[in-house]
Amino acid sequence: MYPKSLEKVIENLTKLPGIGPKSAERIAQFILRMDENELNDLIESIKNLRNKIKYCKICFNLTENEDICEICKNPLRDKSTILIVEEIKDLIRIETLGYYSGVYHVLGGHISTSGKIGINDLTINELEQRVKSGEIKEVIFALSPQWEGDMTKEYIKKILKKYNIKITSLARGISGATYLEAIDDSSLLQALEDRKEEI
Amino acid sequence: MIIKKLKIITFRNIEELEIDFIDKLNIIIGENGSGKTNILNSIYYLSTGSTMFSTKESELPKFPNSSFFLGGSFNRDTEDIKIEIIFKDKRKIISINGKPISGLRELVGVIPIIYFNYRTKDLILREPEIRRDFLDNYISIMDKEYKKLIMEYQDLLTVKNSALKKLKDDRGNFYYETLLSTVNEGMYEKGILIQEKRDSFINKIKEKIIDFGFKDIRIDYEPKVITLQELNKIKSDEIERGFSLLGPHLDDIFFNRRGVDIKVLLSLGEIEELSLYIILSLWFIFYEKLKTEPIFLLDDLFETLDNNKIENLINLLYNLRQVIMTSFDKKVIPVELIKNSSTFFLNRI
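Protein sequences appear in the order of chains A and B. 196 is the number that the working numbering gives to position 196 of the first sequence; each next residue is one higher, with no gaps. 1057 is the number that the working numbering gives to position 57 of the second sequence; each next residue is one higher, with no gaps.
If you're looking for bench data, these hints aren't it; they were derived computationally from the structure. Among these hints, one or two may not hold up.
[Claimed, not checked] Label-pair distances were calculated between CB atoms; the ranges are: (1) A/Asp35 - B/Asn1137: 54 to 60 angstroms; (2) B/Glu1145 - A/Gln190: 44 to 50 angstroms; (3) A/Glu128 - B/Glu1189: 23 to 29 angstroms; (4) B/Arg1321 - A/Lys196: 46 to 52 angstroms; (5) B/Lys1233 - A/Glu135: 38 to 44 angstroms.
[To be verified] PhoX-like, lysine-lysine: derived pairs with alpha carbons at most 25 angstroms apart: (6) B/Lys1309 - B/Lys1289; (7) B/Lys1339 - A/Lys157; (8) B/Lys1235 - A/Lys162.
For clarity, every value in this text was computed on a predicted model and none was experimentally measured. Backbone N, C-alpha and C define an ideal beta-carbon position, used for all residues, glycine too.
With the hints as extra help, turn the sequences into a complete structure.
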């Protein structure tokens, strides 16, 4: 048995995604041996994360100390095209291609599996408001190619049907990958270029 | 497929146990409460990742809020397969040959297994839910696609029921109406596939049961067939009730003789015998599909069937690859069977 305060750190670390008891033990041991300044830096940066990082009021990307994110603020981005993703990491993935020049909308997940995420937990209303404003010409779906992503897409398509916009989806069948992050650059670029109009 | 070695640590009423099994017949003898059924349950759990009697997983460790370990060494042709389950901190980790799996679907079909016990007759006697569970559990053992469909369908059903409840309080809400129609389309697509697979599975059982000599018993699948038109028709009824009224989650099987429910025609003993042969039919269905012999678990067979019926069965059992059976008393087991098997005695715990 470790001393109580070390046990506590291990217990808290196991609450993080992807961290099992063994990893937590290793990380806790590492923290124990860390240089004091480095440790303070780590603690400070984690605290700042919660205080300084906010969600963009338009697209729900992350911003630092601002209400609107860098992408939505950028006058060179095409505000009439919205690419819809489930998570911020998907947005980052597309951005790394350096190809897409429109703006984004981060849903915050997909309609769930086991009913835990309902339509009100996602930013679908906010998306509809953006489309309703009339400036939007095209929305592109880049949701996870699994049935939950498909169902969420079908639902949003029905919601947006009454607005006169073009609705497209990333091309499929590019690779066996189930998430955007697992698809290689050239295939993802191809999928974006070959996007298909939804009926 | 055979199990060669089983290791159990603090699972149900068993403290620690290690057993080596032989190819062919294995008989575990012990009084009630000695843990013999839990040995069979642990083999079933290793092969499916689910408990047999929908026991809560938190109730599986011997001591409350504690852990358990199950390990099985299996053999298929020349291939050795090791499956381990560690349950700790309310979480289970299943590994195949030392590699943790990411979902139960990876376990599907690896260790085909069939299980007969005193509850198998409920398949005929009790509510439709038991018959649906029977279909889902056993079709899942041999068909990964089915397991996926069922899990997705259940998720859709949960979403649908929550949408129906919202609509009950807020009639005509555009967003929930839209969600409902989206979910209905998904359930329709998956429902058809589920019912096709169930239909073909039941047909195979039917054929085998006739081969076994139950010529006048009919096993009729009664699917609650989904169509989009029908779903539209019953929509307001579903909203009123707050739950879904159509789809494979309401399917049933009707066991009958010339249209008359066999519950009223057969004695309890005859129903138990029929349910045993239904399980036995799965042996052949799995073998055909998976090209490996399922492990056959038989709990308290000698207490269930009378002697002349057991004799008919014994010849069949000899021809199966591996059978693991239990009994509370050596005296009720035919001598010939004891001679040709590996026998274990368990002491009361």
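| message | Holds or violated: B/Lys1235 and A/Lys162, Cα atoms, limit 25 angstroms. | response | With Cα atoms ~23 angstroms apart, B/Lys1235 and A/Lys162 stay inside 25 angstroms; holds.
| task | Indicate whether the distance between the beta carbons of B/Arg1321 and A/Lys196 respects the range 46 to 52 angstroms. | result | holds (51 angstroms)
| field | Range hint 23 to 29 angstroms (beta carbons of A/Glu128 and B/Glu1189) holds or violated | value | holds (26 angstroms)
| query | Should the hint that B/Lys1233 and A/Glu135 are 38 to 44 angstroms apart at their CB atoms be regarded as holding? | reply | holds (41 angstroms)
| query | Between B/Lys1339 and A/Lys157, is the straight-line Cα distance small enough, at 25 angstroms or below? | reply | Distance of about 69 angstroms is beyond 25 angstroms: violated.
| query | Under the criterion that the straight-line Cα-Cα distance not exceed 25 angstroms, is the pair B/Lys1309, B/Lys1289 satisfied? | reply | violated (28 angstroms)
| task | Determine whether the Cβ-Cβ distance between B/Glu1145 and A/Gln190 falls within the hinted range of 44 to 50 angstroms. | result | Given about 29 angstroms between the Cβ atoms, the range is violated.
| Does the Cβ pair A/Asp35, B/Asn1137 satisfy 54 to 60 angstroms? | Between A/Asp35 and B/Asn1137, where Cβ atoms are some 55 angstroms apart, the hint holds.
The structure does not agree with the numbered hints 2, 6 and 7 stated previously, though it agrees with the rest.
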